[in-house]
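> Residue numbers (our numbering), protein chains in the order written: chain A, 82 to 345; chain B, 82 to 345.
Heads up, a few of these hints could be off.
Any copy will do: because identical chains look the same in the list, a pair fits if it lies in one copy or spans two.
What the hints assert, rightly or not - Cross-link-like lysine-lysine pairs, in silico, DSSO-like; alpha carbons within 27 Å at most:
no., residue 1, residue 2
1, Lys103, Lys338
2, Lys338, Lys322
3, Lys186, Lys338
4, Lys322, Lys103
5, Lys330, Lys340
6, Lys257, Lys231
7, Lys129, Lys222
8, Lys290, Lys231
9, Lys231, Lys184
10, Lys129, Lys186
11, Lys340, Lys186
12, Lys103, Lys330
13, Lys257, Lys338
14, Lys340, Lys103
15, Lys322, Lys186
16, Lys267, Lys222
17, Lys289, Lys330
18, Lys103, Lys231
19, Lys129, Lys231
20, Lys111, Lys129
The hints are simulated quantities; they were obtained by calculation from the structure and are not laboratory data.
2 protein chains.
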Amino acid sequence: MIAVNLTFLPSISPPPYEQYAKVIIEEGIKVAETAGGPAAIPIIKMYKEAGIFVIHKCTSIRHAQAAEKVGVDMLSIDGFECAGHPGEDDVGGLLLLALAARKLKTPYIASGGIGDGRGLAAAIALGAAGVNCGTVFMATKESYVHDNIKQAMVQADERSTTHIFRTLRNTARVFKNKVAEEVVAKERRPGGVEFPEIAPLVSGARGKKVYDNGDPDAGVWSASGVMGLIDDVPSCEELLKRMERDAEKVLLESAAKVKRESKL
Amino acid sequence: MIAVNLTFLPSISPPPYEQYAKVIIEEGIKVAETAGGPAAIPIIKMYKEAGIFVIHKCTSIRHAQAAEKVGVDMLSIDGFECAGHPGEDDVGGLLLLALAARKLKTPYIASGGIGDGRGLAAAIALGAAGVNCGTVFMATKESYVHDNIKQAMVQADERSTTHIFRTLRNTARVFKNKVAEEVVAKERRPGGVEFPEIAPLVSGARGKKVYDNGDPDAGVWSASGVMGLIDDVPSCEELLKRMERDAEKVLLESAAKVKRESKL
């Protein structure tokens with residue numbers, strides 16, 4: 082099944098979101114992901130009127146509750162650990178998902194910081210119906226990114242990311258390279274930085290060169306600390322089978338630790 | 082059983098750690114927690130020579146591995162969500178504990194962001210032998226903190242904390258009040274701040290007034306976003322029974338979701 086994601090965030094060249102959404106509806110797409118701020122709301126309404134199953138990705142309980150009111154079918158709850166945009170609240174997944182279990186009525190999947198069977202098992206324990214992984218799939222055989230980048234991810238660890246755009250309140254977690262460090266240095270300068278000054282550093286065209294040409298320092302590129310869990314470059318099938326098998330083992334072993342007191 | 086914690090971190094009036102440790106040994110204490118930087122190492126060695134069971138609390142895998150080499154008996158792995166000192170690596174518990182399961186040989190307990198049965202169940206799934214909770218115990222009947230503060234914790238949510246001392250590389254997560262916000266504002270000022278200027282704001286004597294007199298704005302005080310999970314002020318017995326019961330339920334229900342394929 083084909084599903085489509087539209088994310089509504091500040092962009093150097095904002096796409097015509099409403100026109101994109103119309104095409105998605107006309108093409109008969111059955112599942113759509115939305116993400117980002119209040120700009121997502123009218124699109125969610127368009128999708129719902131067209132009978133599309135909508136998964137809304139958000140980084141906070143209050144945003145999830147706002148999306149519930151518009152009638153999304155599923156939420157993707159994105160903790161602080163995630164690659165890309167973690168929002169500005171900085172609540173780690175372990176806590177955010179425990180809160181989601183209490184505060185949300187809509188089914189949710191867990192995003193951010195999950196890269197193996199233990200993470201999947203923990204997400205299930207935290208009430209999630211499943212997980213939403215990005216970083217681990219970048220380092221698979223089928224991924225289109227250059228092999229140099231896959232190897233850079235194998236070498237990297239959980240400390241190999243940084244936050245850019247923090248001072249612009251549009252925080253993004255990216256691979257910690259020279260370009261990202263230059264952006265952060267400019268942001269931390271007395272008086273901070275205006276976006277136009279760093280725009281040439283963070284352009285999508287430069288980021289694309291990373292994936293195409295395999296130079297990890299060509300631009301900024303999204304990745305999470307899940308790189309610390311990446312030791313090889315499996316096929317997607319191997320990765321998923323491993324995650325599933327390990328999660329099942331962990332869940333069964335964890336349940337076996339429960340010692341019920343005698344009811345006699 | 083009485084256990085004692087000694088934490089080695091920058092302090093306005095550093096205590097005589099070695100003398101404290103000698104008293105702990107002389108008094109026949111059997112379990113000791115250590116935390117903080119390399120200054121903990123000689124104390125861990127002293128404890129081990131005296132036959133004490135040592136639990137070392139740390140915020141990163143590499144620090145945990147360093148403590149393993151000195152022979153600690155157990156690790157307490159403290160994720161980004163924690164109250165007090167989360168370190169400077171900012172790795173959320175969901176990821177940090179999955180890494181711990183792979184990288185550590187020593188048994189570990191999970192700290193930070195855990196305030197209910199789901200958090201406990203997730204920690205078990207992430208390979209922890211148990212959990213180390215602080216914030217939830219502050220809002221219990223037995224806790225010595227003023228009832229106003231317990232009620233402030235019930236009212237607070239997961240966004241009610243902030244990080245002070247970030248620019249001094251001695252980050253601490255505290256309740257987000259006027260004093261904490263003043264410290265953060267001074268740290269963010271062009272040119273930053275030197276510790277002596279903020280020392281009067283963050284003194285332990287002022288923090289103690291918060292707990293004693295019940296004014297949440299009297300000084301800075303440690304608390305984590307786990308406040309979002311605090312809805313009442315139970316006794317410690319009620320809190321622990323609830324956590325245990327809920328964690329058991331979650332672990333059994335999660336394991337029941339595992340559908341083993343037929344082996345026929």
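> A separate judgement is required for each hint: does it hold in the structure or not?
Status of each hint after checking the structure:
1. Lys103 to Lys338: Neither, since 51 Å and 38 Å both go past 27 Å.
2. Lys338 to Lys322: Close inside one copy (25 Å) and across copies (16 Å); limit 27 Å.
3. Lys186 to Lys338: between (29 Å within a copy, 20 Å between copies)
4. Lys322 to Lys103: neither (36 Å within a copy, 53 Å between copies)
5. Lys330 to Lys340: both (18 Å within a copy, 11 Å between copies)
6. Lys257 to Lys231: within (15 Å within a copy, 40 Å between copies)
7. Lys129 to Lys222: neither (35 Å within a copy, 48 Å between copies)
8. Lys290 to Lys231: Within. Shortest intra-copy distance 14 Å satisfies the 27 Å Cα cut-off; inter-copy 53 Å does not.
9. Lys231 to Lys184: between (38 Å within a copy, 21 Å between copies)
10. Lys129 to Lys186: Cα proximity of Lys129 and Lys186: one copy only (18 Å, versus 50 Å across).
11. Lys340 to Lys186: between (31 Å within a copy, 25 Å between copies)
12. Lys103 to Lys330: neither (44 Å within a copy, 45 Å between copies)
13. Lys257 to Lys338: neither (40 Å within a copy, 38 Å between copies)
14. Lys340 to Lys103: Answer is neither; intra-copy 55 Å and inter-copy 39 Å both fail.
15. Lys322 to Lys186: between (30 Å within a copy, 25 Å between copies)
16. Lys267 to Lys222: neither (36 Å within a copy, 49 Å between copies)
17. Lys289 to Lys330: Neither: 38 Å inside a copy, 47 Å across copies.
18. Lys103 to Lys231: neither (35 Å within a copy, 51 Å between copies)
19. Lys129 to Lys231: Classified as neither; 38 Å inside a copy, 43 Å across copies.
20. Lys111 to Lys129: within (10 Å within a copy, 62 Å between copies)
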